[in-house]
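*Asks:* The listed protein sequences correspond, in order, to chains A and B.
For the first sequence, counting from 1, position 306 maps to 305 in numbering that gives the first Met the number 0; every step adds exactly one.
For the second sequence, counting from 1, position 19 maps to 18 in numbering that gives the first Met the number 0; every step adds exactly one.
To be clear, the hints were calculated from the coordinates, so they are not data collected in a lab.
Note that beta-carbon positions come from the ideal geometry of N, C-alpha and C, so glycine has one too.
Heads up, a few of these hints could be off.
Take a look, some chain A residues computed to stay more than 10 angstroms from chain B by CB distance [to be verified]:
1) ASP53
2) GLY181
3) ARG184
4) ASP272
5) SER291
Coverage of chain B stretches by chain A, computed from C-beta distances (three or more under 8 angstroms per stretch; other residues unrestricted) [said to hold, decoys possible]:
6) 19–28
7) 44–57
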Amino acid sequence: MSATLPDFELIRPATLAAAIAALQEAEAPRLCAGGTDLIVNMRHGLSPAATLIDITAIDELAGIVRQGEGLHIGAATRLCELEEDDTLARAYPAVAEAVRTIAGPAHRQAATLGGNLCLDTRCLYYNQSDWWRRANDFCLKYGGDVCRVAPSGKRCRAAFSGDLAPALMVHGGEIVIAGGEGLRRLPVQDFYREDGADHLALEKGEIVTGVYLPPPAGLSAYRKLRLRGAIDFPLAGVAISCARREDGWHFAIALTGTNSCPVMVEMPPLAPDEDAAAYFRTLGRQVQKKASPQRTTAIAPHYRRLGVAAMAVRLARDLWQAA
Amino acid sequence: MRMISPVINGEECTDAVEDNLLLIDYLRRNRRLTGTKQGCDGGECGACTVLIDGRPRLACITLAAACDGAEIETIEGQKRGGRLSALQRAFHENLGTQCGFCTPGMIMAAEALLRRVPDPDDAQIRAALGGNLCRCTGYVKIIRSVRAAAGGGQ
Numbered sequence: 000m001s002a003t004l005p006d007f008e009l010i011r012p013a014t015l016a017a018a019i020a021a022l023q024e025a026e027a028p029r030l031c032a033g034g035t036d037l038i039v040n041m042r043h044g045l046s047p048a049a050t051l052i053d054i055t056a057i058d059e060l061a062g063i064v065r066q067g068e069g070l071h072i073g074a075a076t077r078l079c080e081l082e083e084d085d086t087l088a089r090a091y092p093a094v095a096e097a098v099r100t101i102a103g104p105a106h107r108q109a110a111t112l113g114g115n116l117c118l119d120t121r122c123l124y125y126n127q128s129d130w131w132r133r134a135n136d137f138c139l140k141y142g143g144d145v146c147r148v149a150p151s152g153k154r155c156r157a158a159f160s161g162d163l164a165p166a167l168m169v170h171g172g173e174i175v176i177a178g179g180e181g182l183r184r185l186p187v188q189d190f191y192r193e194d195g196a197d198h199l200a201l202e203k204g205e206i207v208t209g210v211y212l213p214p215p216a217g218l219s220a221y222r223k224l225r226l227r228g229a230i231d232f233p234l235a236g237v238a239i240s241c242a243r244r245e246d247g248w249h250f251a252i253a254l255t256g257t258n259s260c261p262v263m264v265e266m267p268p269l270a271p272d273e274d275a276a277a278y279f280r281t282l283g284r285q286v287q288k289k290a291s292p293q294r295t296t297a298i299a300p301h302y303r304r305l306g307v308a309a310m311a312v313r314l315a316r317d318l319w320q321a322a
Numbered sequence: 000m001r002m003i004s005p006v007i008n009g010e011e012c013t014d015a016v017e018d019n020l021l022l023i024d025y026l027r028r029n030r031r032l033t034g035t036k037q038g039c040d041g042g043e044c045g046a047c048t049v050l051i052d053g054r055p056r057l058a059c060i061t062l063a064a065a066c067d068g069a070e071i072e073t074i075e076g077q078k079r080g081g082r083l084s085a086l087q088r089a090f091h092e093n094l095g096t097q098c099g100f101c102t103p104g105m106i107m108a109a110e111a112l113l114r115r116v117p118d119p120d121d122a123q124i125r126a127a128l129g130g131n132l133c134r135c136t137g138y139v140k141i142i143r144s145v146r147a148a149a150g151g152g153q
């Protein structure tokens, strides 16, 4: 770790309009929404910025408010606030469970929803000090032209490691984005693309202002695979929601930590007269097929693939039995 | 460069700081409060845990410039008129500290817990200290220390 952070000017706007103006006008700007990951990266000589725009002092981006039958969560809402929110725990359990697994208690006091959604992708060859990466001639994601994980490939394979995105996805969450053109909304899964070096569908000058969650439709849960019970990013994570309707049980499944973006796994509903054991075996196979873990962590990709499928089957079966 | 005026361990301070100065460096170098330890220096070990407005925060990933007007508490603020606080005494008496490097962070994280939950169970203690690494004790005596401090009152 370098002794100091690189030089930058810190701006702490009080309004969204001022933040957007700064983002469009300031020299080499970068948003900071808690900084629990960004500051570590900056000390490694990654994520360079001449202007750091801290959005955590913007009141209009903070807090959880009821919106119709749904919920709106501001981007600057801190994870500890999500953790302590009863509505979230009751109506969107996967989201509440995901929050509790993020980093450690002290991180969650600073980290925010927006920061977690815009979390940089991670890789064994990227999250290293400058001298480490220099000795390795850098990599495709930053400073080099070859992906060290898949040298023959054309794109960066760094893994998306946010815990909240999959949990919001299985609840049909939408990301609200503000920019010079006003507000736009995207389903959470459309906010990401499968490219570790450019995984966010955010245009220049745009800010994530929050997330809208539609009325809850069923039960949900989140599990993640990791070595240490706190702090660790997911080696693989899975969120599942299960809603009982007339034609059977509808599952929504989303994975994280396995690809360069969070991905959804499509499954038809489980019909009431169907062989449930066979259905869950198929579900496990579908998860294995969709998950594409690479050598981005010190843990074998094969283990992560099997692990995420096993977690998904267990979770789906538990939710089905409870629904 | 900007002026910040945090209240540190009850004392109002005003200092000029660079925008990129980390809270840990501000506390240790500018304020000479070297009780807060620099461990992994990347938000993974919890040795630099301090309280900001009563909540645990990691000084190694917090910008000093963002702490204007904040109330900061470090391990130095634990002493009560030259005597050990209940937590410090409990760590001492229950051998919750060995090499001592993680102790300031452990005590500050425990302090934050006890203010919120005065009589925590073991699961709550483990969760609150989940972000703090100790390579000596094996944690058993740390958890016992926190439990003793909770039971022992002031």
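*Asks:* Measuring Cβ to Cβ, find out whether ARG184 of chain A lies farther than 10 angstroms from everything in chain B.
*Replies:* At roughly 30 angstroms from the nearest Cβ of chain B, ARG184 of chain A sits farther out than 10 angstroms, so the non-interface label holds.
*Asks:* If we take the beta carbon of ASP272 of chain A, is the closest beta carbon in chain B still more than 10 angstroms away?
*Replies:* holds (42 angstroms)
*Asks:* ASP53 of chain A: least C-beta distance to chain B exceeds 10 angstroms?
*Replies:* Not fine: 6 angstroms to the nearest Cβ puts ASP53 of chain A too close to chain B.
*Asks:* Minimum C-beta separation from GLY181 of chain A to chain B exceeding 10 angstroms: can you confirm that?
*Replies:* Non-interface label on GLY181 of chain A holds, nearest chain B Cβ at 29 angstroms vs cutoff 10 angstroms.
*Asks:* Between the segment 44–57 of chain B and chain A, are there enough contacts, at least three residues with CB-CB distance under 8 angstroms, for the coverage claim to hold?
*Replies:* This one holds; 7 residues, not fewer than the three required, reach chain A with a Cβ under 8 angstroms.
*Asks:* Please check whether the beta-carbon of SER291 of chain A is more than 10 angstroms away from every beta-carbon in chain B.
*Replies:* holds (27 angstroms)
*Asks:* Do at least three Cβ atoms from the segment 19–28 of chain B come closer than 8 angstroms to Cβ atoms of chain A?
*Replies:* As far as the segment 19–28 of chain B goes, the hint holds, because 4 residues have Cβ atoms under 8 angstroms from chain A.
In this structure, only the earlier hint numbered 1 is contradicted, and the remaining ones agree with it.
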